[in-house]
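K.L.:
These protein sequences, in sequence, are chains E and Z. Going by my numbering, the first sequence opens with residue 2, and the numbers climb by one from there. Going by my numbering, the second sequence opens with residue 595, and the numbers climb by one from there.
To be clear, the hints were calculated from the coordinates, so they are not data collected in a lab. Relax, there's no trap hidden among the hints.
With beta-carbon atoms standing in for the labels, derived distance ranges:
hint : chain 1 : residue 1 : chain 2 : residue 2 : range
1    : E       : 21        : Z       : 981       : 39 to 45 Å
2    : E       : 21        : Z       : 1047      : 23 to 29 Å
3    : Z       : 840       : E       : 21        : 49 to 55 Å
Covered stretches of chain Z (in silico footprint by chain E; criterion: 3 or more residues with CB under 8 Å from a CB of chain E, positions within the stretch not fixed):
hint : segment
4    : 992-1003
5    : 1008-1021
In this text, all values refer to a predicted model and were calculated from it rather than measured experimentally. Beta carbons are placed, not taken as given, at the ideal position from N, Cα and C, and that holds for glycine.
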Amino acid sequence: MAVNNLWKSPQRAIPDDAETMRQEREADEALVRVAESFDKKKLEEELKKYENSSSNVKAFSILLS
Amino acid sequence: MANQPKPLEFATVTDLASFQTALGINAAVKQTSYIYEYLRGIKVSTLVIEPVYFDRDYLHEFSAFYSSSAKGYNNFCKRAHFFSDAIDRAVVEAAAGGSKDAQARMQAAYQGFSVIRPIDAAPFGRTVLHWYTDKELDFNPRVEKPSRDYKCHLCGIELTVFGLAWQQQDQGVSACATIGLWTTLHSSAFNERYAIPTTVAITQAAHKSLSLGARTFPSRGLFHQQICEAIKEFGLAPYMVEGDQTAPVAGSNFPRSFSPDKFCNTVASLVRSGFPCTLVGEVIRPGEQTRGGHVNVCVGFRAQPSLQLNQIYADGDMAALYIHDDNIGPAVRFTVGHYDSVTCAVTKDTTKPMCLMPDNPAGATNIAASTYGIFVPAMILAAVEGDLRTSAEVLIQKGIIIRAEIDALAKADATARKQALPSLTVGTQYATAATYVGDLLHERLSNRPAVLARVRLGLIETVGPMSLYVGIVRLADANGPIVDFLYDTTDSDFNHPLFVSVCYDAVYAGYLGVLNKVYPGYFDRIITAY
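Turn these sequences into a full structure, and let the hints steer you where they fit.
P.N.:
Have a look at this one:
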């Protein structure tokens, strides 16, 4: 398992050939094809959990005591 | 008879009985045991008590309700200050006389205060206690963002404690819903612009436009719609999130429940932003199958320390939540679990509905938490500033989509290069633009001053004026944060514009360039932070 470091401060290491990889990627048509054919349908179940319900104050009433 | 002056009282606390005696609290008040254990945990040994103290909240309660009770309640309270050092009258005299050493000694030992009301069944008024020791500070610290500094004055000595106020419900002017909202509105998010209302003001505001035929006082509780109306009365906006599980749960009065990852992700997103989460749900007492509507407030949490492979949300689970529950006490440690909705017993079966369980500290005889049962959340409610118009749910949706798109590119690229596949996680929070440019960027780039300066100037000079609050979607892989996407929070959820992408990694900056070819103009504003 990986450490949960999303909100932590250690500085990210940069690969030595990052600049080369970046230049290569600018002309990388294969990745553009991946992005263009990206299938959002697979996300639908995950996105459904976060359907915006924040404005829906529901009609049922339960006394909170 | 007019109120009579009394000298300060000094008490040494050695056990629960001496604690109750010093405060003049009835032994039947169940919250006392938890608070005593809490204070024992933070090494409190001495109480300094102001025996005649006017408390703003209680004076309003007295005015609205207790002044016309036949019992003849006093209009003053006691205020007890807690110290983890032997603070006696000599020390207080020296500090009051201006001794810096004595003042420093008192501040170093100061662990908070509690207003003790002259209400036998509900003596604990406004109580602010210092957070107990964070044993995982170095590698997985608690998130305590909603807490703030409280300043007290004792004999001219200023004492400061960092925490968030808690109190018991008295069922005269307040039940759990009013208390929950009162704690929420004490939060650091609202310090500079809004006044903190009293419990009386909150209950009255809840009934102002939506009384539903119920008496205002004595208050037996509020409906969740009344909580939302009260928030609006104080100039803030109610933000409510319902559970994602639509299948009915046996015995529940709420139509929806939460999956653990939606609950944890949403709470983390809001609490990390400084917004306490008012949790609306049901309590199931031990050995019973009846449920009672209840409200408590999540004021902190500890993230899960490590992630599963390909875990989507960095905050999809939590090691612990810290909840102000008026039935127990402040900052009660709860853990996420599951329960059998037919037997109402806790179960290890993770397919069953989720619940929250109070977690007794080892060795504590914490009666209140032991008899509490379990809490089943059905809604999360926050009070946010009106400027913050977009919802956390849409922000999380943006994060899900962006993560999936970049994940597809990164995995395709790694496969082509015969490298290990990356595992990306996403998290969200809100921050003021000033906090992002200031504290959050400093956390990331403090050891690279030239890059930090370039990024800060780039945000100010090339992005254009940003909204007061920005929505932050952060992506990370095993090496740490990759990119922050900063969203405008002053538009609609439908538009939800992206201000800028701050990219910490050259490789992923390349992926954003690819995405910008597919969605022209969406990712064209990138600031490189490497």
